[in-house]
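K.L.:
Residue-level listing of the chains:
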Amino acid sequence: MEMKGDSHKHKTVEPDESESLADIFAFLALLVRYPDISFFDNEFLDTLEILLTRLNLEKSCLKISIWRNSVEDPLLDAQLEYTRLFINAVPHVIAPPYASVYQDGDFSLQGKTTEKIRNFYRQHGFDVVVSTQPADHIQFELEFLSYIYRQGQFDVGDYFLSTFFVPWFEKFLQKISEELRHPLYRVSLQLITYFVKEEQ
Amino acid sequence: MAMNLTRRNLLKTASLAAASVPLSKVVAKAETGIAKVPLIPPGSFKKTKTVTGGVCEMCFWRCQLVGKVRDNRLIKLEGNPKSIDNGLNLCARGNSGIKLVYDPDRLKYPMKNIGKRGAPKWKKISWEEALDTCAAKLQATIDKYGPKGIGVWYHGASAHYPTAYFEYLGVPNMYEPAFYQCRGQTAMAMMQTLGFVPNEDVDMANSKAMLLVGCHLGENIHLSHVKNFLKGLENGSKLVVVDPRFSASAAKAHIWVKIKPGTDTAFLLGLMNYMLGKGCYNKSFVDKHCLGLNKLKTHVAEWSIEKTAKECDIPGKQIVEVAELLCEHAPHVAVHPGRHAAWYGNDFQRVRANACLTALLGAIDCPGGIVQIKRMSTGHVHWPKVEHEEDPEDMALAEMEEKYPFRPPGTPPELMRETMVTGKPYPIKSMVIWGTNSIKTMPNQEETMKALANMDFIMVTDVSPTDITMWADILLPEACYLERYDHIEKGTQWNQSDKPQQFVAARMPLVEPMFERKDSVWMINELARRMGHEKDIPVKNQEEFVDHMLKEADLSIAKLRKLDGIYIQEGESPYLKKGDEPEFGTDSGKIELYSEAMDDEDFPPLPTYTRTEEPPKGYARMIYGRSPVHTFNRTANNAWLSREVPENPLWLNDESAKKMGIKDGDRVSLENQAGKRSAGSTVVKVTPGIRKDCVFIAHGFGTFNPAMTVGYNKGIDDNSLNTKINREGETGISGMRINFVRIIKNGKTINIPG
Ligand code: SF4
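Chains as they are written, first to last, in my numbering: chain A, 1 to 200; chain B, 201 to 954.
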């Protein structure tokens with residue numbers, strides 16, 4: 001498989017749009033990253049609400065604001081839910097956020113898919129810096145997209161999305177859907193869907 | 201992909217809408233996990249490297265292996281071509297180790313239970329917080345109750361360093377199920393009789409006849425051991441298998457003794473009586489090396505062929521046939537010492553009988569017999585010896601209560617559990633559980649849960665979210681056997697008649713641990729630092745730990761790496777040379793058919809049979825064993841192995857099944873004599889290959905932690921039905937084949953005709 005996206009490389013896009021999309025994807029990556037104090041604060045959640053409003057997703061915005069007001073400690077609440085959904089949980093981890101788990105047919109980390117995705121990063125001048133995490137974690141994929149968009153490589157980004165990201169993300173959504181009750185993660189995944197789906 | 205216009209437009213609109221949102225400030229706060237790197241040409245990581253130095257731990261046999269690694273990703277495991285033990289082979293489980301490494305269900309980060317024990321709610325915490333909490337809680341227990349307030353349950357090579365630390369702290373009660381309820385009992389009874397522990401060093405490959413009492417090699421796959429067994433068959437050795445069930449071994453047997461469960465000791469006594477009566481035992485060996493022949497002769501005299509046949513429910517002529525076969529081939533007879541012995545609560549005596557029979561055949565240190573294999577030795581890592589206010593040896597529960605004089609090292613499991621519940625003779629209030637799923641090993645799970653509920657603090661370290669991890673207050677994720685250094689494997693060429701060689705292999709990681717998994721040396725040193733013992737830390741890290749042990753053999757990790765993971769040198773044959781005399785480490789220096797020591801402790805000094813309780817009407821005895829592609833519950837969540845064997849079929853006698861209206865493949869659950877029902881269900885395997893008075897099921901299924909998404913609730917947990925306890929006085933170990941079950945199908949209870 002040679003990079004189809006390569007042929008479209010450096011297709012010019014207005015710099016503003018590229019910066020803005022890059023920020024959006026970087027922000028989406030934060031939404032699916034383990035919430036910790038370094039970034040997950042009031043400003044972060046305010047920003048989420050503003051973004052939702054600007055995108056005319058008022059209902060989602062309302063969900064977030066109700067949730068924030070109803071829990072004592074949104075950070076702790078988000079951490080617990082993140083752990084339950086994505087790390088280890090009882091009854092069980094709901095949906096491991098790694099591409100290989102859905103694509104390689106035997107429910108495993110570090111599969112063939114992981115290798116392909118990592119190679120794609122590398123071919124475009126990026127790599128995961130923490131070697132203890134599989135390269136196909138949803139957070140890394142979104143971060144990669146952010147970098148790619150910042151460089152204005154829209155076609156590479158789109159190619160990555162349609163070839164690597166969306167196929168597993170859809171299965172992941174299916175797996176998680178029944179358990180997706182928490183407003184933060186409902187909205188986060190809705191927002192990601194909004195930006196990655198080809199057809200709306 | 202052609203640029204999708206709808207999407208392009210959408211993104212454009214969205215990005216314009218978002219342009220005024222202050223995203224950049226927020227996203228700048230956290231460092232990304234992706235970074236710009238110099239361009240890497242395609243194909244740079246295509247090359248697969250072979251990494252040597254792996255030692256398998258999918259079971260306890262520890263085959264030596266290599267890993268095929270690409271771009272720091274383990275792709276395949278293979279036997280180490282240099283191995284003189286397992287060679288190029290790995291069994292199904294060994295191959296599937298890769299699925300453990302990359303199992304998404306594995307523990308990844310330290311966790312704190314903010315829910316309840318047994319019904320946990322997990323919060324991911326930092327190592328700092330996890331270790332601070334463990335240190336503070338354990339110290340609080342020591343301050344209040346002394347080190348005896350802590351108990352330890354542990355398993356495996358990664359627990360060696362931790363247990364050494366807890367010993368240093370003065371913790372008197374530790375229990376390792378995999379030793380205690382498995383080889384430990386056999387080892388002690390053999391030691392008491394022969395003065396050495398043969399483990400499973402039995403030279404089947406070069407035997408003329410083999411006797412397996414209850415062993416089901418082939419279902420119990422330990423690679424070089426199975427090679428040894430198969431070589432024996434290939435060489436024409438005559439195999440006798442004593443088993444109520446047509447096991448994988450029985451299927452290869454020349455004589456299958458379809459014995460009534462629980463009567464094995466009677467069978468062994470009957471064999472000995474016949475041999476002694478006929479005088480066909482190995483006289484010269486016995487005269488020279490055994491004590492108490494006459495006493496044994498008188499003692500077994502009651503076990504006539506008729507009486508033995510009746511007791512064991514087998515044809516008398518089969519006993520004669522077996523006895524004569526064994527005598528004809530003595531001393532080249534492989535009487536397998538067995539492994540897991542905790543069957544009926546009178547098992548020490550059975551193993552003694554087994555050892556006495558071996559002695560009567562003189563089947564020791566000769567081709568085909570039990571052999572004392574000569575392995576290289578390596579060192580140990582100790583923490584410094586320190587004085588304790590209360591001597592931990594005196595404080596050990598069994599010692600204090602003057603019970604179980606022939607117990608294996610450690611505290612008998614149920615004795616410790618009782619103390620955890622009652623607080624007598626002193627409170628045990630904190631538990632450290634290291635890599636053992638003890639909820640699946642001790643009979644009467646409710647009692648175990650009660651004991652755990654009574655603790656002030658529970659720290660659990662494991663690789664996977666096994667059932668016991670649900671009771672942790674703090675749960676620590678450990679690197680698995682392919683990601684760490686720990687064990688040193690020592691052995692010889694697998695076939696004792698080949699050129700004698702010895703080898704040493706150290707477990708070395710094939711890949712780096714992912715997430716925040718850590719090795720035990722790191723964890724314990726961090727804990728020790730926090731508990732104020734920094735100055736006594738004996739080794740800085742896991743590499744130093746292994747190097748320290750290797751030093752005695754003049755080896756090191758660096759040297760082993762150069763040797764592709766295995767050091768090999770010339771060895772020594774275990775067979776006695778002409779003129780050499782065998783040595784026995786008993787008090788008398790002889791094989792003790794009659795044991796003074798046992799008499800002194802008021803136990804039968806000659807191997808004695810006690811009847812086990814019969815199944816009540818409508819019930820059959822539940823016997824258990826192994827599935828060839830699983831290592832009990834340890835592999836329950838392995839995607840490959842679980843696909844091969846997802847559950848544990850219940851073996852049911854065909855005639856019984858017919859009367860009960862049960863067909864092969866029916867789905868059933870079980871109820872035991874106390875009315876306890878299995879949580880899960882399984883399929884029935886209807887077969888003439890099992891007696892009517894028992895049913896068989898493989899152990900280790902029925903995982904009840906839903907966090908094990910592959911293994912969860914698959915099959916039946918036999919141990920959940922072990923509610924009756926029958927502890928033997930010699931060792932304090934309970935038999936686990938003393939519970940009885942009947943069948944539930946479609947909600948209806950069906951009796952099993954006797
Ligand atoms: S017998 Fe199988 S599981 Fe056991 S150590 Fe060898 S390869 Fe591993």
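Honestly, the hints are just simulated from the structure, not real lab data. Nothing here was measured: the structure is a model prediction, and the numbers come from that model. One or more hints might be untrue.
Okay, the calculated bits of chain B under chain A, using three or more residues with CB under 8 Å as the criterion [what the hints assert, rightly or not]: (1) 305-313; (2) 318-332.
Cβ-Cβ distance ranges computed for the label pairs, FRET-style [stated by the list, open to error]: (3) LEU75(A) with ALA319(B): 35 to 43 Å; (4) GLN174(A) with SER224(B): 45 to 53 Å; (5) GLY105(A) with GLY954(B): 22 to 30 Å.
Just so you know, even glycine gets a beta-carbon here, dropped at the ideal spot from N, CA and C.
K.L.:
Evaluate each hint against the coordinates.
P.N.:
Results for each hint:
1. As drawn, the region 305-313 of chain B meets chain A at 5 residues by the rule of a beta-carbon pair under 8 Å; at three or more, the given contact holds.
2. Counting residues of the region 318-332 of chain B whose CB falls under 8 Å from any CB of chain A gives 6; the rule of at least 3 is met.
3. Between LEU75(A) and ALA319(B), the C-beta spacing of about 24 Å breaks the proposed range 35 to 43 Å.
4. One distance hint, 45 to 53 Å for the beta-carbon pair GLN174(A) and SER224(B), is violated here, with the actual separation near 33 Å.
5. Against the hinted window of 22 to 30 Å, the Cβ-Cβ separation of GLY105(A) and GLY954(B) comes to about 48 Å, which falls outside the hint.
The structure does not agree with the numbered hints 3, 4 and 5 stated previously, though it agrees with the rest.
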